[in-house]
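Protein chains: 2
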Amino acid sequence: MGDQSFVSQETRARVRGMVTPIALGAGKLGLTPNALTVIGFLISGAAAAAAAGQLWLAAAALVLFGGSFDMLDGGLARAQNRVTRFGAFLDSTLDRWGEGVVYIGIVAGASAAGFVVGAVLAAAAAVSSFQVSYTRAKAESLKLHGEVGIAPRAERLVLLTIGLVLAGLDGGVLPGARGQLWLSLGLGIILVTASITAVQRTLHVKTQLRNEEQGTK
Amino acid sequence: MGDQSFVSQETRARVRGMVTPIALGAGKLGLTPNALTVIGFLISGAAAAAAAGQLWLAAAALVLFGGSFDMLDGGLARAQNRVTRFGAFLDSTLDRWGEGVVYIGIVAGASAAGFVVGAVLAAAAAVSSFQVSYTRAKAESLKLHGEVGIAPRAERLVLLTIGLVLAGLDGGVLPGARGQLWLSLGLGIILVTASITAVQRTLHVKTQLRNEEQGTK
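Chains Y and S, in that order, are what the protein sequence lines are. Start counting the first sequence at 338; every next residue gets the next number (my numbering). Start counting the second sequence at 338; every next residue gets the next number (my numbering).
By construction, these hints were calculated from the structure, which means they are not laboratory data. Worth double-checking, as some hints may not be accurate.
[What the hints assert, rightly or not] In silico EDC-like pairs for lysine to aspartate or glutamate, Cα to Cα no more than 20 Å straight-line:
1. LYS480(S) with GLU347(Y)
2. LYS480(S) with GLU549(S)
3. LYS365(S) with GLU477(S)
4. LYS480(Y) with GLU549(Y)
5. LYS480(S) with GLU477(Y)
6. LYS480(Y) with GLU550(Y)
7. LYS480(Y) with GLU347(S)
8. LYS543(S) with GLU484(S)
9. LYS543(S) with GLU477(S)
10. LYS480(Y) with GLU484(S)
11. LYS543(Y) with GLU484(Y)
12. LYS543(Y) with GLU477(Y)
[Unchecked claim] Label-pair ranges, simulated between beta-carbon atoms:
13. GLY354(S) with ALA372(Y): 26 to 36 Å
14. ARG351(Y) with THR348(S): 52 to 62 Å
15. GLU549(S) with ASN418(Y): 16 to 26 Å
16. ALA350(S) with VAL536(Y): 51 to 61 Å
17. LEU518(Y) with PHE402(S): 49 to 59 Å
18. GLN346(S) with GLU484(Y): 34 to 44 Å
19. GLY367(Y) with GLN346(S): 17 to 27 Å
20. GLY525(S) with LEU361(Y): 55 to 65 Å
21. LYS365(S) with GLY525(Y): 57 to 67 Å
Predicted, not measured: the structure shown is a model, and the values here were computed from it. We put the CB at the ideal spot given by N, CA and C, even for glycine.
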């Protein structure tokens, strides 16, 4: 994440400040961080169903709502001092499923409307978004850092929400509707920025390995 | 991988034995392991283009051909003693792109033919396949093992090839063609087995963490 992202550090800190009391409230209701992770995933599943049914505004609201749980679980875990390695694993893998199912839903909705470009862009946005997460995890499995880049999850989520909202407001993705253009634009920007991020992470890995090598000579 | 997979250890060893001389031959032609990785990805891109054009038999042949490079690069790196961490990183990430683009191509071909179920299953197979790779990388980033499960990449590749071949032989995915059923079956089995594999890896991570915890008490 960090300085290259278009969501500033201040915005991040402010959102985190807003989220912490909600996370603590959820904790008082007896919810564990892992339960919040699972609820967030289920809401993403609902967003996918809405997208499959071409209910784009509902899908946008659910994507944003589900995505905010991504901050709640981590926030609660930190606040309760319950950060565990299994929690980190579950959070990361279920976030990927959550992101993935939403795109599957968009493929379904677009494809059913005969909007082939939208279906293809949704699949491509899913693959490139996964690549962002995968390059980081793979880098870390090689004991390197991989968290650089312009389009981590929060950014992709904002782009997707905007694309879905505009698609919903401008006629959906029915043949001839302008919503097709908005959704294509949103998904296309995710595809491009996520792909750039994956390349940035690859170069970052290369740089670290070169520095290590020079360090040992 | 290992014993749970439906491709036996003997078959694996036999394929590796067949591949090693080819890998060494490629090395004599001046190709580096990383060059083989990139060529394999480009062939997967060609497979994606074939699938997008609904040329299912060509797509099947290219998927298999591109996938075999996956063994060549590792084989050559081992034979030449050129196993590097960057090579491992590039191999893993480009393999994911290669797998991903093929599914994007299938989404395009199916969607263009009005085969909505095929487009959705292709997107779902892509997401679940990615999850298999991601759970392993994430586990390894937490210094745990994650290579268990019934459907690693070689298995998924075989299933996809069979599905594409049968779809090509049985009328493609045009409305009413039986090829729709074969492709749906192939993709559906990948979706189910890959999802099971992701769950197996998650449980494997949980077991390892529990064992570690009991070890430290």
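How the hints compare with the structure:
A threshold of 20 Å between alpha carbons decides the hint, and for LYS480(S) with GLU347(Y) the separation of about 32 Å lies outside it, so the pair is violated. Taking the CA atoms of LYS480(S) and GLU549(S), the gap is about 12 Å. The hint holds against a cut of 20 Å. This hinted pair does not check out: LYS365(S) and GLU477(S) have alpha carbons roughly 34 Å apart, beyond 20 Å. Restraint check for LYS480(Y) and GLU549(Y): satisfied, since their Cα atoms lie roughly 12 Å apart, inside the 20 Å limit.
Of the supplied pair hints, the one linking LYS480(S) and GLU477(Y) holds, its CA atoms being roughly 9 Å apart against a limit of 20 Å. Of the pairs offered as hints, the one joining LYS480(Y) and GLU550(Y) holds, with about 14 Å between alpha carbons and a cut-off of 20 Å not exceeded. For the hint linking LYS480(Y) to GLU347(S), the alpha-carbon distance of about 32 Å lies beyond 20 Å, and the restraint is violated. Distance check on the hinted pair: LYS543(S) and GLU484(S) sit about 14 Å apart at the alpha-carbon level, within 20 Å; holds.
For the hint pairing LYS543(S) with GLU477(S), the CA-to-CA distance comes to about 13 Å; that is within 20 Å, so the pair holds. The straight-line distance between the Cα atoms of LYS480(Y) and GLU484(S) is roughly 18 Å, inside the 20 Å bound, and the hint therefore holds. For the hint linking LYS543(Y) to GLU484(Y), the alpha-carbon distance of about 14 Å falls within 20 Å, and the restraint holds. Between LYS543(Y) and GLU477(Y) the CA atoms are separated by roughly 13 Å; this keeps the pair inside 20 Å, and the hint holds.
Remark: the range hint 26 to 36 Å for GLY354(S) to ALA372(Y) is contradicted by a beta-carbon distance near 50 Å. A beta carbon spacing of about 56 Å between ARG351(Y) and THR348(S) agrees with the range 52 to 62 Å that was offered as a hint. For GLU549(S) and ASN418(Y), the Cβ-Cβ distance of about 19 Å falls inside the hinted range of 16 to 26 Å, so the restraint holds. Checked against the given bound of 51 to 61 Å, the beta carbons of ALA350(S) and VAL536(Y), roughly 36 Å apart, lie outside it.
Checked against the hint of 49 to 59 Å, the C-beta distance between LEU518(Y) and PHE402(S) comes to roughly 37 Å, which is inconsistent with it. Taken as a hint, the range 34 to 44 Å holds for the pair GLN346(S) and GLU484(Y), whose Cβ atoms sit roughly 37 Å apart. Between GLY367(Y) and GLN346(S) the C-beta distance comes to about 48 Å, which lies outside the given range of 17 to 27 Å. For the pair GLY525(S) and LEU361(Y), the supplied restraint of 55 to 65 Å is violated, since their beta-carbon distance comes to about 43 Å.
Here the CB-CB span from LYS365(S) to GLY525(Y) is close to 43 Å, at odds with the stated 57 to 67 Å.
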